[in-house]
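Peer 1: Quick mapping for you: the protein sequence lines, in order, are chains A and B. Take 6 as the starting number for the first sequence in my numbering and just add one per residue. Take 6 as the starting number for the second sequence in my numbering and just add one per residue.
Since the hints were made in silico from the structure, they are not lab data. Worth double-checking, as some hints may not be accurate.
One copy or two, either will do: identical chains are not told apart, so a pair holds if it fits within one copy or between any two.
Stated by the list, open to error - Straight-line distance between alpha carbons at most 27 Å, and here's what the computed BS3-like set of lysine-lysine pairs gives:
| id | residue 1 | residue 2 |
| --- | --- | --- |
| 1 | K136 | K167 |
| 2 | K174 | K136 |
| 3 | K167 | K7 |
| 4 | K174 | K135 |
| 5 | K67 | K136 |
| 6 | K167 | K135 |
Number of protein chains: 2
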Amino acid sequence: MKTTAYQQAFILHFGEMGSRWGINRTIGQIYALLYISPRPLNAEQITEALGISRSNTSMAMKELSAWQLVRVQHLPDDRRDYFTAPDDVWEIFRTLVAERRRREIEPTASMLRGALVSPPEQGDDAHAAKKLAEMLELIELVTGWLDDVSDLDQRTATQLMKLGGGVQKLLGAGRRKKAGKASKNRA
Amino acid sequence: MKTTAYQQAFILHFGEMGSRWGINRTIGQIYALLYISPRPLNAEQITEALGISRSNTSMAMKELSAWQLVRVQHLPDDRRDYFTAPDDVWEIFRTLVAERRRREIEPTASMLRGALVSPPEQGDDAHAAKKLAEMLELIELVTGWLDDVSDLDQRTATQLMKLGGGVQKLLGAGRRKKAGKASKNRA
DNA sequence: GTATAATTTCAACAATTACTGAAAAGACTG
DNA sequence: CAGTCTTTTCAGTAATTGTTGAAATTATAC
């Protein structure tokens, strides 16, 4: 597996962004490679294309599998594992959102629920409990909404996104926070 | 500044989650402390409450300021800086979304635009370019939508969120991806 | 100006996270 | 089952990131 300069640029960018996204460089690069690859790749091809160690590839694939971001398939008369990223970028997006929610939001929501079972009623603790409740309310609103939206088919979701702030008209009562500039009904 | 056990639990949780959120423990703890504090705190109070070094506090505040997540104010006859988190959890949320977008999404969007100025038209590079275009389209759709929604006032945004998947009715044509279970018009 | 208070910088050190090579484990073939 | 191919594990090391104390800087007061 050799990569073209065009592919390299994309792969290296994902590697660099990896740290900002809370994944490591290797994983970012591998996912970029799989995403643009027109065919499934096996671990050896990935290792060679990126110039990393075979064991590093193995660990990265394990991590990507845990995130549900890759699929494994097999070719006839070849017992190696071949990996692909889902074709549909929307599906990838939904998976990312769901997994980040599970790992980064749920533990906090759960902690907050626990802290609010019998909230303190006096002093600074009472104030803290109030803030905790506000945070939990926001989290539940946003994650509940994500639940609903992830149940929409892509076409409806796209329509909803394109509608953007125009939703206020449908809702009737909404008022703009700031004047002007916001787009409506993007092409 | 001493913290109660109730406050400690929240602060420590944020510290632990910090690494998952791509910030460090100190910053997570400080933000938790400020968020639940009923009054502004100066660097010395933060240092003492969390048992960290004064210089660590200084660097963390710099980082939080860069994220626009804290405000500085002053008290009469006291020249120390006093820090607060915004009162409104929605405002914090909007800031987080905006900053993550700026740091984690925009650089990629910009790279993709560059790679698509004169896209290759043959071979695997052409396929790669197609995938890049799909990714950019998704990014622009989602970030454009975020722009619009962040212009809505909180009341409208809340209404929109509560509507959830019910939006399909307003849009008319949407079809459910999966049957059943999704909530509509959450309380 | 000098003295004092508050904050920031930064080099050294600590802790954590990432990567590798070698060895072990697993999977299939004949 | 022995032999071969493939994947995984893991201890050691490299690289990165986080934290500190001491010194430098900035701001204010006298």
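Peer 1: Which of the listed hints are broken here?
Peer 2: When the structure is compared with the hints, numbers 2, 3 and 4 turn out to be violated.
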